Amino acid sequence: MTMQPSTEFHPRWYRERVSTYWWMGSWRYSLFILRELTSVAVAWSVVMTLFLLRALLNGPDAYARYMHRMQSPWMIALNIIAFCFLLLHTITWFNLAPRAMPVRVGGKRVPEFLVAAPNYVLWVVASAAIAWFVLRK
Amino acid sequence: MSKPSNEGFFWLLFSAGGVVAALFIPVHLFLFGIAFPLGWLPQPSYEHLRALAENPLSRLYLFVVCSLPLFHWAHRFRFTVYDGLQVKHLNEVVLVFCYGGAVVGTLISAYLLLRI
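So the protein lines, in turn, are chains V and L. First residue of the first sequence: 17, per the numbering used here; consecutive thereafter. First residue of the second sequence: 161, per the numbering used here; consecutive thereafter.
By construction, these hints were calculated from the structure, which means they are not laboratory data. Watch out, some of these pointers could steer you wrong.
Claimed, not checked - Residues from chain V that face chain L, not an exhaustive set, calculated with beta carbons under 10 Å:
id, residue
1, Thr36
2, Leu73
3, Gly75
4, Leu94
5, Ala147
Predicted model, so just to flag it, every value in this text is computed and none were measured. Every residue, glycine too, gets a C-beta built ideally from N, C-alpha and C.
Work the whole structure out from these sequences, hints included.
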């Protein structure tokens with residue numbers, strides 16, 4: 017990054033130093049950081065899935081070990097926290113969609129909840145379908 | 161002046177990964193991270209899951225579910241570190257860690273899914 021030249025006509029930018037914990041000041045900012053941190057839960061879930069795939073590749077014993085490891089209290093606690101973050105991601109993502117793409121019908125803007133609602137329907141249907149595939153005998 | 165950048169491409173990966181993560185990932189973690197370990201639902205057998213994962217459509221689905229959300233993470237986490245923690249002097253290191261991690265994860269998922 018190049019520094020802006022500071023001359024008589026182009027003064028050095030004045031930027032006030034912001035605290036590293038700027039986001040703890042208000043609930044809105046904290047929610048912003050919590051929302052940004054949901055990506056860590058997303059990556060964590062992918063890593064758990066990759067370990068499951070590796071276990072499936074390595075045979076029944078590896079699969080049993082994987083399922084056993086997932087039963088440790090630490091793993092369950094971590095996964096419950098991660099799941100809460102995933103829900104935060106899903107909800108904030110779906111609710112953002114109508115703002116990113118405002119839908120208009122006959123010149124009037126469709127209410128936000130009507131634009132977000134199909135996302136939730138799709139989410140429930142997709143989740144049920146995946147669960148059905150995994151659970152069916 | 162700013163030079164032309166790949167920001168748009170990365171943003172596209174970010175938002176596609178965000179959609180995939182929002183729709184499909186919660187049920188995965190719920191089943192394998194919470195419901196099966198706590199005994200809320202009966203654990204599927206090895207044979208059933210293996211057969212399910214061997215289906216070409218499942219493999220394609222699993223590849224999408226593993227790769228795109230990793231790029232979503234890379235983009236979002238990079239800016240979390242940048243804005244949230246104000247780690248600006250390590251920008252290049254963070255960049256390599258994030259997108260490098262996403263690429264490595266994608267390669268691992270491709271390797272596992274091709275061999276399964």
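In rising order, the numbers of the hints this structure does not comply with: none
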